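Throw the hints in and build the complete structure from the sequences for me.
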Amino acid sequence: MEEHYLRVYQTFDLEHVNKHLLIVGDLAADCSACKALGLNYREVAQCPECGTVFKFITSRRLGTAPGERYPIVKRIKNARPDLQLVDYDDFQKSMSKKKARDFFG
Numbered sequence: 105m106e107e108h109y110l111r112v113y114q115t116f117d118l119e120h121v122n123k124h125l126l127i128v129g130d131l132a133a134d135c136s137a138c139k140a141l142g143l144n145y146r147e148v149a150q151c152p153e154c155g156t157v158f159k160f161i162t163s164r165r166l167g168t169a170p171g172e173r174y175p176i177v178k179r180i181k182n183a184r185p186d187l188q189l190v191d192y193d194d195f196q197k198s199m200s201k202k203k204a205r206d207f208f209g
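My numbering applies: residue 105 is where the sequence shown begins, and numbers increase by one.
One or more hints might be untrue.
Said to hold, decoys possible - With a Cα cut of at most 27 angstroms, we get these calculated DSS-like pairs of lysine-lysine:
| hint | residue 1 | residue 2 |
| --- | --- | --- |
| 1 | K139 | K202 |
| 2 | K139 | K123 |
| 3 | K197 | K139 |
| 4 | K159 | K178 |
| 5 | K159 | K201 |
| 6 | K123 | K197 |
| 7 | K203 | K139 |
| 8 | K123 | K181 |
| 9 | K139 | K201 |
| 10 | K178 | K203 |
| 11 | K139 | K178 |
| 12 | K123 | K178 |
| 13 | K178 | K197 |
| 14 | K159 | K123 |
| 15 | K202 | K123 |
| 16 | K159 | K203 |
| 17 | K139 | K159 |
| 18 | K201 | K123 |
| 19 | K159 | K202 |
| 20 | K159 | K197 |
| 21 | K159 | K181 |
Stated by the list, open to error - Across the chosen pairs, the derived CB separations fall in these ranges:
| hint | residue 1 | residue 2 | range |
| --- | --- | --- | --- |
| 22 | E172 | V112 | 18 to 28 angstroms |
| 23 | G209 | R146 | 41 to 51 angstroms |
| 24 | K197 | G129 | 37 to 47 angstroms |
Source of the hints: derived by calculation from the structure; they are not laboratory data.
Owing to the predicted nature of the structure, the values given are computational and were not obtained by experimental measurement.
Just so it is clear, CB atoms sit at the ideal spot from N, CA and C, and this is done for glycine as well.
Here you go:
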């Protein structure tokens, strides 16, 4: 049977996701909590700088390269099946709205 990836929507506590998110770039990953750079997303279970245990993973390229979305998702999920994959654009938009609400009260 051929497998396909579909976006599934569910509610999350944004602060919880932000504190436990590993952001994959082209060559390495970053810790969302402390902004530590150059992490090996295939192996790192927690941030070597702040000790955050990663529970979620995303890639900036999911939104910027729509034609490559499936291969990127497949590569990340094959490397890290233990982490919940989050859509980067959805996360960024939700965090921006939250920051605006917090700022304006």
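The hints, checked one at a time:
Simply put, K139 and K202 have alpha-carbon atoms about 19 angstroms apart, close enough for the 27 angstroms limit, and the pair holds. About 10 angstroms separates the Cα atoms of K139 and K123, which keeps this hinted pair within 27 angstroms; it holds. Taking the CA atoms of K197 and K139, the gap is near 19 angstroms; set against the 27 angstroms cutoff, the hint holds. Distance hint between K159 and K178 is fulfilled; the C-alpha atoms sit about 18 angstroms from each other, no more than 27 angstroms.
For a cut-off of 27 angstroms, the pair hint linking K159 to K201 stands: about 22 angstroms separates their Cα positions. For the proposed pair K123 and K197, the alpha carbon gap of about 16 angstroms is at most 27 angstroms, so the pair holds. Proposed proximity of K203 and K139 is supported: the alpha carbons are some 18 angstroms apart, at most 27 angstroms. Proximity of K123 to K181 is assessed by CA-CA distance (about 20 angstroms); at most 27 angstroms being required, the pair is judged to hold.
Only pairs whose Cα atoms come within 27 angstroms are accepted, and K139 paired with K201 is accepted, the gap being roughly 20 angstroms. Between the alpha carbons of K178 and K203 the distance comes to roughly 31 angstroms, so the proposed pair goes past 27 angstroms and is violated. For the suggested pair K139 and K178, the alpha carbons sit about 25 angstroms apart, so the restraint of at most 27 angstroms is met. Only pairs whose Cα atoms come within 27 angstroms are accepted, and K123 paired with K178 is accepted, the gap being roughly 24 angstroms.
Note on K178 and K197: the hinted pairing holds, with a Cα-Cα distance of about 23 angstroms set against a maximum of 27 angstroms. Restraint check: the Cα-Cα separation between K159 and K123 comes to about 9 angstroms, which is no more than 27 angstroms; the hinted pair holds. A hinted pair counts as satisfied when its Cα atoms are at most 27 angstroms apart, and K202 with K123 qualifies at roughly 15 angstroms. Taken as a hint, the K159 and K203 pair is honoured in the structure, with Cα atoms around 22 angstroms apart against an allowance of 27 angstroms.
A distance of roughly 16 angstroms separates the Cα atoms of K139 and K159; the hinted pair therefore holds under the 27 angstroms criterion. Restraint check for K201 and K123: the C-alpha separation of about 17 angstroms stays at or below 27 angstroms, so the hint holds. About 21 angstroms separates the Cα atoms of K159 and K202, which keeps this hinted pair within 27 angstroms; it holds. Restraint check for K159 and K197: the C-alpha separation of about 20 angstroms stays at or below 27 angstroms, so the hint holds.
A distance of roughly 13 angstroms separates the Cα atoms of K159 and K181; the hinted pair therefore holds under the 27 angstroms criterion. Separated by about 20 angstroms at the C-beta atoms, E172 and V112 satisfy the suggested range of 18 to 28 angstroms. Between G209 and R146 the C-beta distance comes to about 42 angstroms, which sits within the given range of 41 to 51 angstroms. As the Cβ distance of K197 to G129 is approximately 19 angstroms, the hint placing it in 37 to 47 angstroms is violated.
Of the numbered hints given earlier, the model fails hints 10, 24; all others are met.
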